[in-house]
Each structure stands twice: as structure tokens, then as C-alpha cells.
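Please build the complex by placing chain B on the supplied structure of chain A, with the hints as guidance.
As they're listed, the protein sequences go chains A and B.
Per this note's numbering, the very first residue in the first sequence carries number 1; after that it's consecutive.
Per this note's numbering, the very first residue in the second sequence carries number 138; after that it's consecutive.
A hint or two may mislead.
Quick list of in silico lysine-lysine cross-link-like pairs, BS3-like style, CA-CA up to 27 angstroms [as the list claims (entries may be wrong)]:
| id | chain 1 | residue 1 | chain 2 | residue 2 |
| --- | --- | --- | --- | --- |
| 1 | B | Lys538 | A | Lys22 |
| 2 | A | Lys125 | B | Lys543 |
| 3 | B | Lys543 | A | Lys116 |
| 4 | A | Lys116 | B | Lys282 |
| 5 | A | Lys123 | A | Lys22 |
| 6 | B | Lys282 | B | Lys231 |
| 7 | A | Lys6 | B | Lys459 |
| 8 | A | Lys22 | B | Lys532 |
| 9 | B | Lys222 | B | Lys250 |
| 10 | B | Lys250 | B | Lys349 |
| 11 | B | Lys543 | A | Lys99 |
| 12 | B | Lys231 | A | Lys123 |
| 13 | A | Lys79 | B | Lys543 |
| 14 | A | Lys22 | B | Lys543 |
| 15 | A | Lys90 | B | Lys250 |
| 16 | A | Lys128 | B | Lys543 |
| 17 | A | Lys99 | B | Lys459 |
| 18 | B | Lys538 | A | Lys125 |
| 19 | A | Lys46 | B | Lys543 |
| 20 | B | Lys349 | A | Lys88 |
| 21 | A | Lys125 | B | Lys222 |
| 22 | B | Lys532 | A | Lys46 |
None of these hints come from the bench; they were simulated from the model.
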Amino acid sequence: MAYSEKVVDHYNNPRNVGSFPKDTLGVGTGLVGAPECGDVMKLQIKVNVQTGVIEDAKFKTFGCGSAIASSSLATEWLKGKTVDEAAKIKNTDIVSELKLPPVKIHCSVLAEDAIKAALADCKEKWLKAGAPAASTT
Amino acid sequence: MALKFPIFMDAQSTTPCDPRVVEAMLPYFTEKFGHPASRNHPFGWEAEGATDAARARVARLIGARDAKEVVFTSGGTEAINLALKGVAEMYREKGNHIVTTAIEQRAGLDTCKRLERQGFAVTYVPVQPNGLVDVDDVKKAITDKTILISVMFANNEIGTIQDIAAIGKLAKEKGIIFHTDATQAVGKIPIDVETMGIDLLSCTAHLLYGPKGVGALYVRRKGPRVRLAPMIDGGGHERGMRSGTLPVPLIVGFGRAAEICEESMPEERARLAKLRDRLQDTILGSVDEAFLNGDPERRLPHNLNISFAYVEGESVLMGLNKETALSSGSACTSATLEPSYVIAALGASSELAHSSIRFSLHRFNTEEEGDWVARRTIEVVRRLRDMSPLYELAKEGVDLKSIRWKAE
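Okay, chain A solo, but in the shape it has when bound (with noise of 0.2 angstroms):
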């Protein structure tokens, strides 16, 4: 199977890639997917308490080049959106900015609940230490 330009460039360019301290206020982690699939993506989101605007992101993926890509093009893509604005990412958005095959749509949807993840994460954390909520939703 030949892969798409970008998700070539992905992989050998990954953008992001690293851990932040989990435990962090503004820091929320999403660990989606099971290694008996072949599929593990660690999605990090860290958001500016005041503003809600996601800051950083970081990520770590275990699969193929196109799980690979879809979690760096995520990155990508969060870094500057508001948490509101970043659980509208859609799988389909990134299917086609990566031009994933069929077979390989399951990468972007691993990709897409990573992001809700995190967001949920982030919420929770958020929620328990007792900080206003009114920015997330």
C-alpha cells in the first residue's frame, strides 16, 4: 500500500511528540486504543486555565504510519483552538487532509476519540480542583 505524501511526512516529521506531567492543572491526557489492536495513541492537551486556549500539544502512538500521522496532524491542529473549538475536529477532517485509504479510516476515528479524551480528562481535572468551568463545555 502506498501512503499519502502527507502521512509520509508525519511520519518522518512528526510534530509534537513527547509527554507533558500528567498531573498538571490544564494538562489533560487521552490514552485510547489497546496494543492487542495495534493501535495506542497518547493525545496531551495543555490548555491556559484563564482563556481556555489549548497551548501545547503532545503525543505518543503506537501503530501504524497512518495512526501516526493522524495524531500528528492532531497536534497540529489543536495547538491555538479554544477546548471548544477542538471538540469539533472531526475524523472525517482528517481523513481527507491525509488522504486515508478505507482500511485506515479507523486511524482517525483512534485520532478523534484521543482529542475527546483529553478534553474529558482536562474537564475532570479541572472540575476537582474546583476551578470555574465556564470555559469548558
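Chain B alone, transformed into the frame defined by chain A:
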């Protein structure tokens, strides 16, 4: 010598034709184009002579005493289909049970699945963690309805060589026909259908530096005489077992390839095993949590299969595929996203089944190529581990099994 890219190290999917094979084939496309079944003119005689000589070469390579026992087919898949379906149909009155293994090639497994739908019962004997079938398990699987035992000679992914002689002996004692899929083994390691008690043996030319499109099924004629229902009806060629005009140039190439393999086997086996061991030692010596799949001793000399924990196989290949052709799982299954059923059958975790890489060497690989592939593989695996959440968790001391994964 400067390296030439891409480097081919996927020789268990196919091999390049040896130039000497192509040279032998060429005249049979143009001047010597006769039909071997044309009995009354020199064109036919010439073609028949050429196919007979090739038949004798193939017979010799597998220890068949009578060249007539070699039936040419379109390749390994057809040979396996003919063996299994041919026996099933011919001996149906005698019984409806087949014993095979869980790690056969798709041609074997899928043919068995079809036979099951047609009312046959099939036992898939499991393999031990090293990939070897326990002969006792085969014995236990036999019933009074068993008409066929089919066990592959050497595995296409992990290269594990089964104890074929012991299974052949067992089959003899029980009076059951014994087929072996030897597509990966013929021409690579010594095979003797007589001393090993093999009744049917499938092989293909393109895995032994011959052309694609031709293979053979060895069908025993004496002690016992094995009969097969043909899959293809027609002019009654190949003793009625496989009708169709023989592809003379391909068969001539197959014969020449068999001849070269026989001559060069002792030297080639040793050379490839040395190359393979060097590749293995370099990789396993530099990468932690990399596991050898299959039996380290009973293994094809040109095969190396390693699971790199915490990285996914396809992503490793993607990092190498501009310069090196390797495979993850087998070429037959790489069109799907399923992990390797062979590695899974070893009892490894399915995560490791997703992480297996097969290096398979061939006649024309050099030590420089091996060193280059080892170095690049190590680099790619390290890079991928740096971006693997599983590696990170494992390094933090988290037991991956303790995590409740949310599978899709």
C-alpha cells in the same frame, strides 16, 4: 562494493530468478516452442524431452526415485489445493477427517476451511511456543476416519522446520496419506521423500530462484500408490491429475533452478546461516525487548523473525521501505490489518504479533547488505520507541496488562 538500493530481504515471499535460469528458459519461448504432448513431430519431442529433464531435476532435489511422481502445477497454491482436495474427493468413502496445523499457509488453511464446509472434519493441531508441532499431538488427533495428515515442512514466517520424518513414520504406521507443504524448504535444506515417508509434497519454483507461475506436486506411486481426483479436467496431462498445456519455458526454468539449488545447497546454506546469525546477533545485541520468534535451532538458514515490543510492525517497515524490502507477517496477509496468526499461534501476546518483522535472505544478499539492514532497523526501532506510549509506560514500570484498554 557500493550498496545498491533497495535491498531485497523478503526472499520468503519470492526470489529473483537466477540469471542462469533465465538463460536456460529463453530458447523455449522462441525456437523450441513445441507442445510436449505433440507426439508425432520433432517440436513436440524436443519439448517433451525438456520437460522430462526438468521433471527429473525436480524429482532428484526432493529425493523422488521416479520422475513420473512429479506433477507440474501453476505454483505452490495449486499444488496444495490439488493435494488436499484431490485426496479428500478420492478417499471420501474411506473417511472424512483431516489433520493439519494452525500455522499452515493460507492455501492450506483456506482449502481446509472449504473442505469443512463440504462436510469434512479438520483438526488444527496447535504448535508449541517455539513453533514446533508435537508429534504426539498429531497422533492424538488421528481418528479412524482420518484420510490425510498435512503438515508444512518449514514455516513461511518463522522458518521453523517440523519433524517431518517422525510425522511420516506415524502416517505410515497408521496407513494415512501424508502431505507436506514444502514451498519454503525445497532447494534450501535437504529433503528426501523416501526416507521421510512423504506421500505428497508441494513446492514452487519462484521461491528457489526459478520463475513465477510454475510449481509441482510430488505424488507417490509406490508404497502406497496415492490417487488424486483432478481439480482441472482436460487433455489428461500429468498422468490425468492436472490437465493443461505444460508451460515449457517455466518448467525448464524450474528444472535449472532445482539443479543449481542442489549443487549449491551445502555452501549456500552455511553462508546464509552465517549472514542471518550476524544480522540476528547485531539486532538482538543492540535492542532491548526484541524477541526471536520460532525455534533458534530447527530453522531455515535464511529466516529471521523478530518481534520488537512496543512498536508496530507496519510502522517499522514504513521507516525502512525506501531502502529495504522486509515483511511484517507474511505477504499473503499484509493486505489485511490482521496481526500474524502464526506469531499468535506461538502463544505470544497479540501485541507482539503486531510487532513481528521477518528478514529473509537470498542467494544474492551480501554481508554489507546485512550490516546495513541491521543498522537501519535498530535506528528505526529506536526512533519509534521514542514515540511509543507503550514503551514510555513500560519504562515507568507500569504493567501494560494492568491498564484497562478501551478497544474500538
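Consistency of the hints with the structure:
no., hint, in the structure
1, Lys538(B) with Lys22(A), "20 angstroms, holds"
2, Lys125(A) with Lys543(B), "20 angstroms, holds"
3, Lys543(B) with Lys116(A), "13 angstroms, holds"
4, Lys116(A) with Lys282(B), "57 angstroms, violated"
5, Lys123(A) with Lys22(A), "13 angstroms, holds"
6, Lys282(B) with Lys231(B), "7 angstroms, holds"
7, Lys6(A) with Lys459(B), "16 angstroms, holds"
8, Lys22(A) with Lys532(B), "16 angstroms, holds"
9, Lys222(B) with Lys250(B), "11 angstroms, holds"
10, Lys250(B) with Lys349(B), "26 angstroms, holds"
11, Lys543(B) with Lys99(A), "26 angstroms, holds"
12, Lys231(B) with Lys123(A), "69 angstroms, violated"
13, Lys79(A) with Lys543(B), "25 angstroms, holds"
14, Lys22(A) with Lys543(B), "19 angstroms, holds"
15, Lys90(A) with Lys250(B), "40 angstroms, violated"
16, Lys128(A) with Lys543(B), "23 angstroms, holds"
17, Lys99(A) with Lys459(B), "20 angstroms, holds"
18, Lys538(B) with Lys125(A), "25 angstroms, holds"
19, Lys46(A) with Lys543(B), "23 angstroms, holds"
20, Lys349(B) with Lys88(A), "52 angstroms, violated"
21, Lys125(A) with Lys222(B), "63 angstroms, violated"
22, Lys532(B) with Lys46(A), "23 angstroms, holds"
In this structure, the earlier hints numbered 4, 12, 15, 20 and 21 are contradicted, and the remaining ones agree with it.
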